[in-house]
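J.: The chain contents come next:
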Amino acid sequence: MKTVLGFLDRQLRNRPEKPMLKDERETLTFAETHARAEAIGSALLKRGADREPILVFMKRSAAMIAAFFGVWKANCFYVPVDAEMGETRIRSILERVKPRFAIRDESADALLSACGFTGEALDASALLSEPADTKLLEAAARKTLDSDPAYLVFTSGSTGAPKGVVGVHRAVLDYAEQITNALRADETDVFGMQAPLYVDACLKEILSALKCGSSVVLVPKKLFMTPVPLVEFLNAHRITALCWVVPALTLISALHTFDAVKPQYLKTVAFGSEVMPPKQLRIWQANVPARFLNLYGPTECTGMSCFYEVDRTFADDERVPIGHAFDNTEIFLIDENGARASEGEICIRGTAVCHGYYRDPERTKNAFVPNPLNPDYPETVYRTGDLGRINERGELEFIGRKDDQIKHMGHRIELGELEAAARTVDGVTAACAVFDRAHSVLGLVYAGTADRAGILNGLRAKVPEYLLPKRTLCVDALPLTENGKTDRKAATTLLFR
Amino acid sequence: MEQLLDILRELHPETDFETETRLVDGGILASFDIVMLITRIEEEFDVVIPAKDIVPEHFNSAEALYRLITRIAEQDD
Numbered sequence: 211m212k213t214v215l216g217f218l219d220r221q222l223r224n225r226p227e228k229p230m231l232k233d234e235r236e237t238l239t240f241a242e243t244h245a246r247a248e249a250i251g252s253a254l255l256k257r258g259a260d261r262e263p264i265l266v267f268m269k270r271s272a273a274m275i276a277a278f279f280g281v282w283k284a285n286c287f288y289v290p291v292d293a294e295m296g297e298t299r300i301r302s303i304l305e306r307v308k309p310r311f312a313i314r315d316e317s318a319d320a321l322l323s324a325c326g327f328t329g330e331a332l333d334a335s336a337l338l339s340e341p342a343d344t345k346l347l348e349a350a351a352r353k354t355l356d357s358d359p360a361y362l363v364f365t366s367g368s369t370g371a372p373k374g375v376v377g378v379h380r381a382v383l384d385y386a387e388q389i390t391n392a393l394r395a396d397e398t399d400v401f402g403m404q405a406p407l408y409v410d411a412c413l414k415e416i417l418s419a420l421k422c423g424s425s426v427v428l429v430p431k432k433l434f435m436t437p438v439p440l441v442e443f444l445n446a447h448r449i450t451a452l453c454w455v456v457p458a459l460t461l462i463s464a465l466h467t468f469d470a471v472k473p474q475y476l477k478t479v480a481f482g483s484e485v486m487p488p489k490q491l492r493i494w495q496a497n498v499p500a501r502f503l504n505l506y507g508p509t510e511c512t513g514m515s516c517f518y519e520v521d522r523t524f525a526d527d528e529r530v531p532i533g534h535a536f537d538n539t540e541i542f543l544i545d546e547n548g549a550r551a552s553e554g555e556i557c558i559r560g561t562a563v564c565h566g567y568y569r570d571p572e573r574t575k576n577a578f579v580p581n582p583l584n585p586d587y588p589e590t591v592y593r594t595g596d597l598g599r600i601n602e603r604g605e606l607e608f609i610g611r612k613d614d615q616i617k618h619m620g621h622r623i624e625l626g627e628l629e630a631a632a633r634t635v636d637g638v639t640a641a642c643a644v645f646d647r648a649h650s651v652l653g654l655v656y657a658g659t660a661d662r663a664g665i666l667n668g669l670r671a672k673v674p675e676y677l678l679p680k681r682t683l684c685v686d687a688l689p690l691t692e693n694g695k696t697d698r699k700a701a702t703t704l705l706f707r
Numbered sequence: 002m003e004q005l006l007d008i009l010r011e012l013h014p015e016t017d018f019e020t021e022t023r024l025v026d027g028g029i030l031a032s033f034d035i036v037m038l039i040t041r042i043e044e045e046f047d048v049v050i051p052a053k054d055i056v057p058e059h060f061n062s063a064e065a066l067y068r069l070i071t072r073i074a075e076q077d078d
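Chains as they are written, first to last, in the working numbering: chain A, 211 to 707; chain B, 2 to 78.
Worth flagging that the hints you see were computed from the coordinates, not collected in a lab. Careful, some of the hints might be misleading.
[Claimed, not checked] Which residues of chain B face chain A? A partial, calculated answer using Cβ under 8 Å:
#1 E15
#2 R23
#3 G27
#4 I29
#5 F33
#6 I35
#7 P51
#8 I55
#9 V56
#10 A65
Backbone N, C-alpha and C fix where the C-beta goes; we use that ideal spot for every residue, glycine too.
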């Protein structure tokens, strides 16, 4: 098997009529998903698409996931885009990728051409009525290599320009094995998906469906404001497994939700993306009899790289470990001299390491480096920029970052991206983004004539909602270090003291 | 009411909270904003907002939210 599409063929034989993907609008069985993938794949091939990036600009939906599979059928790789990413991010993705084709729905109307797309836009629903062309599909499948790209997902960049992570088929195939083992996914599982589809986080549920025949229900985003209806939704759909970002889980536990309603069917609760506060984990453990998994991994290494199954309770001043690397992945720590250490920068090697950043040799070179522990032959490892330590039980713990990257509202953010966007707002002459880790509050200290409303209105059109600062402070001049650089520490103190 | 408007304006100064009636349905309050908002309200007003009351009808306008807080505060007394 060269790609995870092989699993879709298997499910087509084993359980064609079982629901695979469900959203607010429709439910797609495995057979329907397969048929859509073949229709979309054929349509792309007929238009001459060949091992190239295909923009998929759609509302988060079952149809969008089927479109991903269609792109794979055409021996191409998908570039997922959602209107909520904001105009600036979308524009810079289009500038870097310059895709010839986009699969779109009505949610792309206002933004696709406004952001500079000049290729051919194909309407997602119209493509479904095009007939599948078996000959073209078979030829494309023969040409596919497992070392070819599967997707291009973009993550925050410190200069403002996002980085396009090139995910690879064989790494996705390996991830399918590792993540479903960790989750113990099977055909009785119903996943309640929280993740947006423009990040690799959504692979956990998609791969469980493909490999194990699980069903996936996309939980509507608006429910993540109302904890009781959210849990009622989980119960109504008999959801058995969650892979959610930490803020989505703490929305439930921190707002006394379990006093009113408890999830009835959950067997597996996996979380990741940022540090789980022990207090919130204890509330979950006390109220829900499920397996709890702490997952860790950078997008650059295809989804998650390691996990810890919670086997004890944690006091407020303890860290929930990130555990041990998946099978077929090695995680090691290096000190400042590049030597192996028990505390240091987290490095990852194995099939999971992706092909670097798209059309971005400089930033690729800095993060995808020759293995410092292997002088004997060329081997690329990924330096995460995360700091870790091995605790006395031999478990890996995440300690923090080497640089200005933060995790906020479940998203990975470079403070530099917010600053770059803020500087383009009228009436802003200088900006420094700051983060209060203790309370998870993103802030902006800036100089200029803009008022707070002006800044937020200016930013709103440009950046995703999770990048909007919650606190702002206007100063005459930003504090500087002795070297004349912006002093982020001093700015943080100014805003949050 | 002024106290509540201050909290809301701190979160979203660009919004006219005295007239806006679709804070949740119109997507003005972001996903996960709600935890911060409720934490602030619970601190400022010394109330505990039961989870079952965290629904759009109570959070779509500052006025509805204020009615909720007042009702909970009176029950507590």
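J.: Does each hint hold? Answer for all of them.
T.: Against the structure, the hints come out as follows:
1. E15: With Cβ-Cβ at 4 Å, under 8 Å, it holds.
2. R23: Interface hint status for B:R23: violated (12 Å vs cutoff 8 Å).
3. G27: violated (11 Å)
4. I29: Nearest chain A Cβ about 10 Å off; hint violated.
5. F33: holds (5 Å)
6. I35: Cβ of B:I35 sits 5 Å from chain A, so the hint holds.
7. P51: With a minimum Cβ separation of about 7 Å from chain A (threshold 8 Å), the hint on B:P51 holds.
8. I55: Constraint on B:I55 satisfied, holds at 6 Å.
9. V56: It holds, given that the least Cβ distance between B:V56 and chain A is near 5 Å, below 8 Å.
10. A65: violated (14 Å)
Of the hints listed earlier, those the structure fails to meet are numbers 2, 3, 4 and 10, in rising order.
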